[in-house]
Every structure is written in C-alpha cells, then in structure tokens.
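Chain order of the listed sequences is A and B. Residue numbers for the first sequence follow numbering that gives the first Met the number 0, beginning at 0 and rising by one. Residue numbers for the second sequence follow numbering that gives the first Met the number 0, beginning at 0 and rising by one.
Since the hints were made in silico from the structure, they are not lab data. Mixed in with the good hints, there may be bad ones.
What the hints assert, rightly or not - The calculated lysine-lysine pairs, modelled on DSS-like cross-linking and capped at a C-alpha distance of 27 Å, are: (1) A/205 <-> A/4; (2) B/136 <-> A/4; (3) B/145 <-> A/450; (4) A/205 <-> A/151; (5) A/97 <-> A/86; (6) A/205 <-> B/116; (7) B/249 <-> A/262; (8) B/108 <-> A/97; (9) A/470 <-> A/205.
Claimed, not checked - Residues of chain A clear of chain B, computed beta-carbon distances all greater than 10 Å: (10) 27; (11) 39; (12) 98; (13) 109; (14) 121; (15) 133; (16) 136; (17) 327; (18) 359; (19) 364; (20) 418; (21) 443; (22) 471; (23) 539; (24) 543; (25) 553.
Claimed, not checked - Reference listing, derived: stretches of chain A covered by chain B, where coverage requires no fewer than 3 residues with Cβ under 8 Å from a Cβ of chain B: (26) 41-54; (27) 138-144; (28) 148-157; (29) 206-214; (30) 298-311; (31) 339-345; (32) 490-499.
C-beta: ideal position from N, C-alpha, C; glycine also.
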Amino acid sequence: MQIHKYDTVIVGAGGAGMRAAIESTQRSRTAVLTKLYPTRSHTGAAQGGMCAALANVEEDNWEWHTFDTVKGGDYLVDQDAAEIMCKEAIDAVLDLEKMGLPFSRTEAGRIDQRRFGGHTRNHGEAAVRRSCYAADRTGHMILQTLFQNCVKHGVEFFNEFYVLDLLINDGKTAGVVAYELATGEIHVFQAKSVVFASGGTGKFFKVTSNAHTLTGDGQALVYRRGLPLEDMEFFQFHPTGIWRMGILLTEGARGEGGILRNKDGERFMERYAPVMKDLASRDVCSRAIYTEIREGRGCGPDGDHVYLDLTHLPPEQLDAKLPDITEFARTYLGIEPYTDPIPIQPTAHYAMGGIPTNVEGEVLRNNTDVVPGLYAAGEVACVSVHGANRLGTNSLLDINVFGKRAGIAAAEYSSTVDFTPLPENPAEKVQAMVDGLRDSTGTESVAQIRKELQETMDTNAMVYRTGATLKQAVSDIAALRERYKNVAIMDKGFRYNTDLLEAVELGNLLDLAEVLAVSGLAREESRGGHFREDFPTRDDVKFMQHTMAYQEVAADGTTSIRLDYKPVVTTRYQPMERKY
Amino acid sequence: MSAPTIDAPHSAALDAAESGGVQLITFTLRIRRFNPEEHPEPVWVDYQLTMDPKERVLDALNKVKWEQDGTLTYRRSCAHGICGSDAMRINGRNRLACKTLLKDVNPEKPITIEAIKGLAVLKDLVVDMDPFFQAYKDVMPFLVTKGNEPTRERLQSAEDRERFDDTTKCILCAACTSSCPVFWNDGQYFGPAAIVNAHRFIFDSRDEGAEQRLEILNDREGVWRCRTTFNCSEACPRGIEVTKAIQEVKRALVTRRF
C-alpha cells in the first residue's frame, strides 16, 4: 500500500473534474484520480450545446433562462442555484472560448446559438436561440479544451486509478482510497479536501446513452459512508436514442428543424405540445413517444419505435450542423439520413439526482449541514439545478459553472486547514472488498446479474412507472443484491484486472438502483422525469420537496434505506401548470 | 414551419434496419492474448461466437469477456466512437472496435484482433499510452495568446473557424500514430496524432503560438520524419485527413505562413 498526500484530490476527469482541476491546481497541490484516461469521459458524448443568454443572435437574458430551467425541472429546482447557474452561464461560455474552444460562429464572427428543447423567449412565448455549440460535437470540444488547459496548467493526473472509498475522520474529510488498475495496488490519498466529479450511473438501464463506465461509483461510495443521496428517482430519458442501441442523437437535430413522426407520418408532438412541438422538454417528448407506441402508432414490424425525420433539411445543413449523428445513423443502422427517417426510442440518459451539495459544491450530510472538505460537481452531484427534469444543454453548463465553483472552494478550503489525520487502517475496507472478490468461490456471474438488473429497470422503472412496477423492481433488486454476495470473477490476477473492476461497478449499480426504486415508490405523484400512472398529477402539497435517501446498517450488517425530505428553495417563481 | 409528410416509400436500407427477424451468424474471433503474469509470450486464442452480424466488434469482445473468459482485457467506454478507448488492430487494420460492425470485417473467416502496434503491450489489448500522450503534450496543445483578454469572445469568422475544423475532431485514440511505420521503428517520432493536434492550433486564427510549435516540429523527430504513406489517414476513425494536415504543417514550416 502506498500513501500520498495532496491538498486537494479530485475524483474523475470528465468535464466537471477537469474544470475543477484547472482552478484547484492554480491554488493548491492537486491530484486528479480517474478510472479512465482524461479524454475518455462521457462529457465527450454530449452533442448539442451549452445554453447561455449571450443574446448573440436574438434578444435573451439570464432571467428567462432561469425561468425555463425552473419550469423544465417541474418546480423541484432550487431556484437560488438555478439563478446562479444561468447568470454565470455567460462567463462560463466566454471562459471556454478564451481557453480555445472552437465554437461554431455567426456571420459576424461571434459564437453562434441555436434552439434547444424547453429554452424559450420571455417565459414560454416561443423557442429562443440560446445554445452555444460546435456542430454536434460540443461535449467533445469542451472535454478536449479542458484537457488542453489541464496540460497547460500542469494538472497532475493519476490515470486508471479507481477510487473505492472515502475517508472521513471525526466528521471531516481525510482522503480517499484508490485501486491502481495497472498493478492491483491499493493507494491511500490523504487530502484536506476531496471533490467528487465521477459522473452518472446510467448503466443500470439496458437501453441507455451512457458509457459502459457510468456506474455511479462516487454516489455509491459516499452513500455507503452514511451520507444521503438526493432525488435519485428522477432519471431522464432522452427522447431520441438510436432504436435498441440507445446511442444519443442530439436534441440539436430538432433544434435544426428535425421532426418526430409516428407510423402514419404524423408530426405527433403538435398534439402534446402545441407551442414548442418537437422542442418541448425531454420528459414530455419521451412520454409522448411511448404513448404513440402504446396506442399502436409506433413504427417498424413490432411498432416499438418512432422516427426522427431530417429528410426535409438540406444535406449541406446536416453536414455542417449535425455531422456526427448522421454518421451514427449510417454506421450503426446502415441508413442515409438525407433520405430516410431515423428509427429512435427514448434512452436512459441522465441522473438529475445525486450527492446533495450547496451552491459552493459542499456536500451535505443532512438537510442543512456540510461535511467539511467534501465537494461534488457535475452529474454525480445534485445542487439541485435540474429538479425533476433537466433541460437540454444544462448539463454542460452545470459541469462548467459548478465544476469551477467546487474547484475554487475546495482549494481555498485546503489552504485554510491542516490535514485531518487518516483513520486507523485506512485501506482495510477496500482491501477486504478487493480480496473478497478476487478470492471468491461463488457461482454467480457479474454479467448475468447486471443483465437481469438492466432488464428489471427497463421494464419497471423507465418512462412510465406504477406502484406495482416499482415494487417489482425493489424485490428484483433485493434478490439480485443477495445473489451478488455470491458473485465470482474469473481473472484472479493483479495486472489490469477489469473483471474485478466490473464486479465492483455492479455492486455500485445495484445499490443505486435500489435507491432509485425505493425513492420512486415513495413519491406518489408525477413530476418531470418521474411519471406514476397511478398518480398522474403533480402534488405540490405533499411532494414539492427533495427526497433524501440514507443507507441504514443494522447490527447484523443488513442494510435498509431511510427516506427523508428536504424543502425546495423557491425565490421568484411559484409553481404553475407545465405546458409547452 | 410546415410539416411535410412522408410519402416516399421506405428504402430497402430502412426496411433492413427495422427488420425484427435477426439472422444470427457463427464466427470465430481470433485474439492475440498476452498476460505476462501467466506467460512471457503472446498467444493467439480462438473464441466461437453466435451473434447478429450488425453488432459491433466491441459487442463480440464483451460477449467473450462476459460469457467465456473474464480474463480478456481491453479498454472501452462510450461504445460509439467518441471516447477513443478501444483502438485495436482488426484484421490487420487499426479501427475502433465500437465503430466496426461484424458484417464489415468478413466474419466468414476468423476475425483477428490484436493490440495496436508501436506502444508496449501491457495485457491483451491494453497498451502503454504514456509515450503517446507525452508526444501530444510536447506540441503545446493549447491556445496561446498574447496581450489583454477581451471582455467578450474573440471574434473568428466562419471561414477562419473552418480552416482547422478537420483536426478538432481528434479523439486521441492513437489509431493513426500506431499505424505509422515510421513510429513503429522510431518511438521518438512525435507521430501523426501529436502533429494533428499541433495543426489544430497552428491554423486557429486566434492562436499566437504557431512559431513555437513549428520550431518544436522542425526537430529531427518532427514532421520531416513523415514519409507520406497515408496509413494514418486510412486509420483515423473520425475521418480526419491526417496526412494532409501533416503536409500543411510541413508547408507552414517552409513558408512560415499559416
């Protein structure tokens, strides 16, 4: 076992982690630990853009953006946080441009902007051009630009170091424990502050836009240390994933004029969202698609998908504005989007919930108090700026605004305090887990349990949910968690043991899926991404509050989930009926 | 906006894409395995699989790992050609496993899979990426500007933005560099990917570091080692015209115009 000492440790090297690292490295001795290489993160898969009220192409202001974000989140958004995000969005975009990001440009040479779902002029009047973009590669450009600037600032990376535990001593952050993939060695990183920026958890669904590596690692290990997870029942299903594969096709396609159609060729969104039509928010579009499918208007031999139609757009426009997604259609479906509509279905995309933080990125240990020295930013966190449904482009905004804030706050905290002493045997728990998996003589397979987990989640906890389906998910997950105790891996080695890594990741997914299902079962209302057919309306009296889920461990080691609730911060917008 | 209706009949391609009935095929994946913990030399191992030919080579590797041999080791993440983790030699040619469909690599014969060349193999398909990233870092891959920062964005015409568009697409997968015969024989050569990323800044109208970068690439191990074999352009999964970019950097070195 090796012990390292850094002022600030950042876990994860995607958008939020690298944005934090750029700030933190200039203020404190910082290490970035990542289970991948920095540019492999799923930030790179984001396509359509990053909204900010630059008003480069038409009138706009950050207050309208704030309103759209609050409404988009079905009023579960903490409005003080949304206001900060939308106000700081403008500088966040300009920061990236100054770092070198190659945005698409207007005729006048300014950053170009385009329409995106749920983003409107003057509180819902009409769609507004707010999304700053670089073709359909905005996430890729953000990730590359941030990595380039990490190189410029000499950020110290520990690549392929998988963080498996958080160390807290006497209520204060003491560091993390990581597993070095290349050697199998355990490393303890003592740190004054730790920033979790480890991304999402979409791999508990089968049809998902998420990478294989998005397994909720940060959320799970914080949760197992007794800290709460907020609003985990709110998961976003992006309307346009490639049918059966789930690969994301940007909402920017509809921003450029793309249309959703059923088997009759009908532009069905006109019936569901008369003003915004295909640019209604994602939860609204995904439900509409499934309603079309359920009512027999789906496409294909099994009627199980609809079309994203781009055929009326000029090929030059597709080549210039949507080059990657049109290539995905060619590569993976063998069709030509110039002339054929693209078969799509909703795909599990984004966790609105996560580790609760305040607007400085400090992690909450209950409704009001923070864990000194512990921070989180990006998809792993819940500020909450996305509430019950995130607006398109606001995730790239979130990682930049709150990644920067968390990086500054963590480094400043590091410069004011001494190291918290490491607990005794800091790596004991991780060593036992790793040895347990490597030496297991069990009979269960990681892949089989994961497959069954994904199947029950897709069947029971997707776009449409009921009490009965969520109960089924809870019981299926409980059975899978039992079987997981008997899981075995084939690779017993120390060198690049990705078999072991996948087993650990599955353990994380199982814990988080249970939190999602239990939180969702208790929320007897429909709001944003959480739609209960048995409670189809929003209930502001009982449920305009955030879920806070805690793991309780009994004396015999068995675990259960305790749910609590936290009030929503409301500043200027009172809840209204949500129409697009 | 008017809402045109679909009146054109389905193309054969769309019908094929939507067809429910899947014709599975049985094929062999022939993988060059290497684990120095167990055996000092690499060995070729065959795996029989039955799958939909429209699935990816990465899906086939996953099927082997998840159902037959959990010790098989490779890097992967996004699974759709964006993250750059899974460059490997498939039937002797560098490709991303997640962007290559089985039907496109002749599954009638064994499909061979091996690690990319020129970087030390650590285990199975996992290579040491450090020399690759070091070359990248050496070309100053970030915007260099002088003077005061503007309050708003720096202006750039759409035409100037287009000038370096091709090289912004790079995902640092190393498919180009590890397909380059010069790089195989001389690990000191910067390699195509580093030059592509230098190009991305040299031809960016906002950048003022081109002279420095060109001096770096004027080195003995710089652009002049390129023998214009076009392997890199052929290997690039993002369709970047890598050889052309290298030629443009060479020309800029001669003319000092960029």
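Verification of the hints:
| no. | hint | verdict |
| --- | --- | --- |
| 1 | A/205 <-> A/4 | violated, 39 Å |
| 2 | B/136 <-> A/4 | holds, 25 Å |
| 3 | B/145 <-> A/450 | violated, 54 Å |
| 4 | A/205 <-> A/151 | violated, 39 Å |
| 5 | A/97 <-> A/86 | holds, 18 Å |
| 6 | A/205 <-> B/116 | violated, 34 Å |
| 7 | B/249 <-> A/262 | violated, 54 Å |
| 8 | B/108 <-> A/97 | violated, 51 Å |
| 9 | A/470 <-> A/205 | holds, 19 Å |
| 10 | 27 | holds, 21 Å |
| 11 | 39 | violated, 4 Å |
| 12 | 98 | violated, 7 Å |
| 13 | 109 | violated, 6 Å |
| 14 | 121 | holds, 20 Å |
| 15 | 133 | violated, 8 Å |
| 16 | 136 | violated, 7 Å |
| 17 | 327 | violated, 7 Å |
| 18 | 359 | holds, 25 Å |
| 19 | 364 | holds, 32 Å |
| 20 | 418 | holds, 30 Å |
| 21 | 443 | holds, 13 Å |
| 22 | 471 | holds, 25 Å |
| 23 | 539 | holds, 35 Å |
| 24 | 543 | holds, 36 Å |
| 25 | 553 | holds, 33 Å |
| 26 | 41-54 | holds (count 3) |
| 27 | 138-144 | holds (count 3) |
| 28 | 148-157 | holds (count 3) |
| 29 | 206-214 | holds (count 3) |
| 30 | 298-311 | holds (count 9) |
| 31 | 339-345 | holds (count 3) |
| 32 | 490-499 | holds (count 8) |
Checked against the numbered hints listed earlier, the structure breaks hints 1, 3, 4, 6, 7, 8, 11, 12, 13, 15, 16, 17; every other hint is satisfied.
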